[in-house]
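> Each chain, letter by letter, is given below.
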Amino acid sequence: MRSAISIFMRFAVLVLVGLVMVSAVGAADRDKLLSEPGVYGTFAAFSLDADWAKQDQTVRIAQLTLLKGVVEQHREKLAIDIYLLRGLSDHADVLFRIHATELRETQQFLLDLQGSLFGKHLKTAGVMHGLTKKANYVPGFPDQLKAELKISSEPGPKPYAIVIPIRKSADWWGLDQDKRAAMMQEHTEATVPYLKTVKRKLYHSSGLDDLDFITYFETSKLEDFHSLVLALEKVKEFQYNRRFGHPTLLGTVRSLDEIIEVLAQ
Amino acid sequence: MRSAISIFMRFAVLVLVGLVMVSAVGAADRDKLLSEPGVYGTFAAFSLDADWAKQDQTVRIAQLTLLKGVVEQHREKLAIDIYLLRGLSDHADVLFRIHATELRETQQFLLDLQGSLFGKHLKTAGVMHGLTKKANYVPGFPDQLKAELKISSEPGPKPYAIVIPIRKSADWWGLDQDKRAAMMQEHTEATVPYLKTVKRKLYHSSGLDDLDFITYFETSKLEDFHSLVLALEKVKEFQYNRRFGHPTLLGTVRSLDEIIEVLAQ
Amino acid sequence: MRSAISIFMRFAVLVLVGLVMVSAVGAADRDKLLSEPGVYGTFAAFSLDADWAKQDQTVRIAQLTLLKGVVEQHREKLAIDIYLLRGLSDHADVLFRIHATELRETQQFLLDLQGSLFGKHLKTAGVMHGLTKKANYVPGFPDQLKAELKISSEPGPKPYAIVIPIRKSADWWGLDQDKRAAMMQEHTEATVPYLKTVKRKLYHSSGLDDLDFITYFETSKLEDFHSLVLALEKVKEFQYNRRFGHPTLLGTVRSLDEIIEVLAQ
Amino acid sequence: MRSAISIFMRFAVLVLVGLVMVSAVGAADRDKLLSEPGVYGTFAAFSLDADWAKQDQTVRIAQLTLLKGVVEQHREKLAIDIYLLRGLSDHADVLFRIHATELRETQQFLLDLQGSLFGKHLKTAGVMHGLTKKANYVPGFPDQLKAELKISSEPGPKPYAIVIPIRKSADWWGLDQDKRAAMMQEHTEATVPYLKTVKRKLYHSSGLDDLDFITYFETSKLEDFHSLVLALEKVKEFQYNRRFGHPTLLGTVRSLDEIIEVLAQ
Amino acid sequence: MRSAISIFMRFAVLVLVGLVMVSAVGAADRDKLLSEPGVYGTFAAFSLDADWAKQDQTVRIAQLTLLKGVVEQHREKLAIDIYLLRGLSDHADVLFRIHATELRETQQFLLDLQGSLFGKHLKTAGVMHGLTKKANYVPGFPDQLKAELKISSEPGPKPYAIVIPIRKSADWWGLDQDKRAAMMQEHTEATVPYLKTVKRKLYHSSGLDDLDFITYFETSKLEDFHSLVLALEKVKEFQYNRRFGHPTLLGTVRSLDEIIEVLAQ
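Protein chains in written order, with numbering that gives the first Met the number 0: chain A, 0 to 264; chain B, 0 to 264; chain C, 0 to 264; chain D, 0 to 264; chain E, 0 to 264.
Don't read these hints as lab results, they were simulated from the structure. Just to be clear, a hint being listed does not mean it is correct.
Calculated cross-link-like contacts (lysine-lysine; reagent style DSSO-like; alpha-carbon spacing at most 27 Å) [to be verified]: (1) D:Lys233 with E:Lys132; (2) E:Lys235 with A:Lys133; (3) C:Lys76 with B:Lys157; (4) C:Lys53 with E:Lys119; (5) E:Lys235 with D:Lys235; (6) A:Lys235 with B:Lys235; (7) C:Lys220 with D:Lys133; (8) A:Lys133 with E:Lys195; (9) E:Lys235 with A:Lys235; (10) B:Lys233 with C:Lys132; (11) A:Lys233 with B:Lys200; (12) D:Lys233 with E:Lys233; (13) C:Lys122 with C:Lys67; (14) B:Lys122 with D:Lys122; (15) A:Lys145 with A:Lys198; (16) D:Lys220 with E:Lys31; (17) C:Lys53 with E:Lys53.
Per label pair, the in silico range of CB-to-CB distance [unchecked claim]: (18) C:Ser34 with B:Lys149: 36 to 44 Å; (19) B:Leu144 with A:Arg242: 32 to 40 Å; (20) C:Pro36 with B:Ala146: 32 to 40 Å; (21) E:Glu222 with A:Ser151: 23 to 31 Å.
On a predicted model such as this, the values are computed, not experimentally measured, just so you know. Quick reminder that beta carbons are idealized off the backbone N, C-alpha and C, glycines included.
With the hints as constraints, model all of the structure from the sequences given.
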């Protein structure tokens, strides 16, 4: 029964939302934004207010059409990914990950989003920023480890995404570069068995918010991800985390159309 | 007087709610989900909003009928248990414990629940996830202790359920496996006197939320449960808990029909 | 002027509320519940919502009549005491202390309370549970101290009540019974000068909520109570408190009729 | 332009509010309450709800008239001071400091305040209680210091008031009286340069709330007050504060009529 | 498409808002307020309530006109800067930085702001105060470092502003002046590479709120700012921070007209 409704909904929503004039979806730079250093990554989590669900479905679909318009318009300059947190995290309903070369561009997107009729139902649950940088410690690692790190993750969809914010203790930053490097090597070795099934991306945050790092993970095997975190908790470097998670954001990777379909229901 | 109203209510609610077409309550896999390793357990606690109680009783009963529909529909794939926290915990009114082989299935259930007319009155109070795993330290325990652990809990209803989330300190994970095993043996020995009256289940959480473990208890003798926790506070391993509870969730095990009856009042 | 209104109000409220049919106020067991070990004590604090005060006074009086009905009905099985926190504590407006042999009975009372038209205006501010037990350390105390502890508190009304929740550190539970006993003797000796003017009752909480103890005090001399707490802060055992208060609940002991009169205004 | 409106407003408000019949403003005991030991001081901070400002000005003035009535009526028994926090503290809009010989009298005032039509717009932001006591350590100070402490503060208005709640560590209370006295002497010596421009009053709180002390300051020179706190942070005794501020309340001393004028706007 | 609307909006808003009679924008003293010691700096952050966005645009523009009036009127005495936090910080939407010689003047501005029709939609997210003072440690620095500190930052717009509140540990204040000076020299040396691209201003807060310092930064190169903070985390003095950020406020510097334009949308 549910799937019948679901198929109809998907059709109705996609037809309506598909009418949006997308000015330019030239996502040419998306690959660069997602792979190069010097890019700002913003994680903006939102809850929907109590009024959202009380609106008529046609009103909601109209407002979601505006969401689609805002996102598509900014895709010229920004790489925007969306995640469904509802049901898996108690902090928010949806998460936007935005990559930009300037945070002003990200701010403009979020202003347009929150200024839209859809956005008026969004309550900000959290905003975190980080910067991608060249690997700090890897150049000094043994060749064997360097080679292992080149293993790329298995192809195929990775439906789960996890965001773990990290704050190091003052003691960590007070250590010599050598000592930190040795501990980061032990840390990195612990991740090797999970390179194939857990994709990982690191953002540097000091000064941009109350964090030092944002770690982002994608996987299809949550059990492997759990084992990875357990392995990381056992290395010496873990003792220098003043904050690890709090909140841990767990959600599923979704296309904009899937998000729209879920929120239209 | 109360019981007369109560009996009438039970009758009225059950008649109305009983009309729900349950597509397939083939709970064949429930036993497997509740006993095997590699299963995800989610604890989702909700409060009812202020509008809920202000609605007409007939409206509330209609909405509770939808709750029943959503739960029954997902029982094909999920093991769903419900607890009444109201009056015993200040964090939430109801708690769902959901076992699934994939967290995506759990997310879909909670999306359907929150998307229903009943669900629009639910405010998420907390969501925690854990994974069932084979016993970590038990294989190394002395035979005498292993034998004692095989004592199963007394049959009969266990009306009280308690959920205690746990976060270990970084020091714990930095210990050798041997030292952790020795402390877990002392911990386990402390639980032996309570095996008959307090049922216990362990979930591993690292990475899935801001916890390392979720411990779940059922008992008909809360005083025994209190004595068990007191005994566990006295063993050395307890010193390695950075968080124990916060919140402790205490409630009563209820059938879906009982929950519906209470919420209809 | 205020007292004239007050006298009229008291009359009007008592007449209206007095019409409630009290099914059975056989409070025969109240003394047992308040003095024996193995009894569960629940402290449930509530705030009134913003809508409460905006209602017409006649509506409020009608709802308070229902409150009286719910309380009287459960007095068959439970010992229920009520405290006015408003003006003295910023956490809540009213506090219920409920003694029961089974927490299920307490839950049923609170469900009925919150389900009543009056209860729909209550927001749960906090719920704590503890268990009364036989004195743990007293049997080992010197005879002189044992004799002093038999001094009962002065008769006469004790208008102030204070509730202080306590969580001990892991170090405390890791100490030998002997060391804990010696410190508890020092602690107890510090209380002797205040036995006459400050009444005290202890509840054991480990596992039932995020506390180890709930300490309850009644006094007519708050200055003596302050001196008692100051004396307790100076003994060695105090260093093993991880939490002491947070919140400290301070209120006045009130009869149900007095509470009703205050809330009707 | 603003001052023209302001003058008119002041006139209109004072005329209307001046019509309140003040039963007895015999503030004979105010001096005693503000200077003697054994008096309870309560700091009750309130925010105005969102509805307050949305009301018509005439409605607001009528409600403020009731505020004046409640305050004047209780001035027979209580010393009531009012402070405007809005704009300077993010915790609340107004602060009442109430001195009484019994906290029950203070509770009755706050019940009447919150029960008035004006009070229905007040949200409690925090309530703290303390007791005035004879100086604890001063009798043992050297004569030179004792003489310096007799310097009274300069006459003239002191428009700024600051309230800093303090909680000492368990280590502090575990120290010998001698060691505490030596540190308090160092603490007191640090305050001498500011005795003329910063007025200070101490309240003892242990057991009455989650504090050990409430320190209250008045000054016309905030820069001197800042220097005083900086000096106090540098003495050894400061290391024994577990909490200092959190919140620090900063506001301006206002007459009841000034508060009414501001809130009427 | 967006820019067309944007240009029209800018025109419409500026015409309407431009009609405000500005009594005296003699910002003669602005330079003094921003450069001299003995000036109070207040950081007041606000969120807009849910009703704001639901109003008609013409209503919002009328209210923003009032905002402009209030700001302009107080610019006689105060230096007022405005920042757009929305999209970059999750704590608030707008931030006012106000410099004054007396905090009473700042309070009057914020009272007038919150009392205006626009201000009724503002929810206070946080208020922090600090005092500008002559450099504490610089006079004792080596001449070479003193010379380097005279480098002024590059001209041109610095669109990003960051506010980091700081609380030192009790240990910091317990150190000798010499030891603190040595550590502050190391701290200052770490900032030299960033003097050109990151502008910095320090406020002293002890006693005025729950902070010791407020550090304010402006930059056009956020990556440089990130590197600066990273460098500061590595010096010894950083170990004496009990709080650094929490919250870190990140926003963009905006003129009053730009803020009005954004909020009008």
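> Could you tell me which of the numbered hints above are not met by this structure, giving the numbers in increasing order?
Every hint satisfied by this model.
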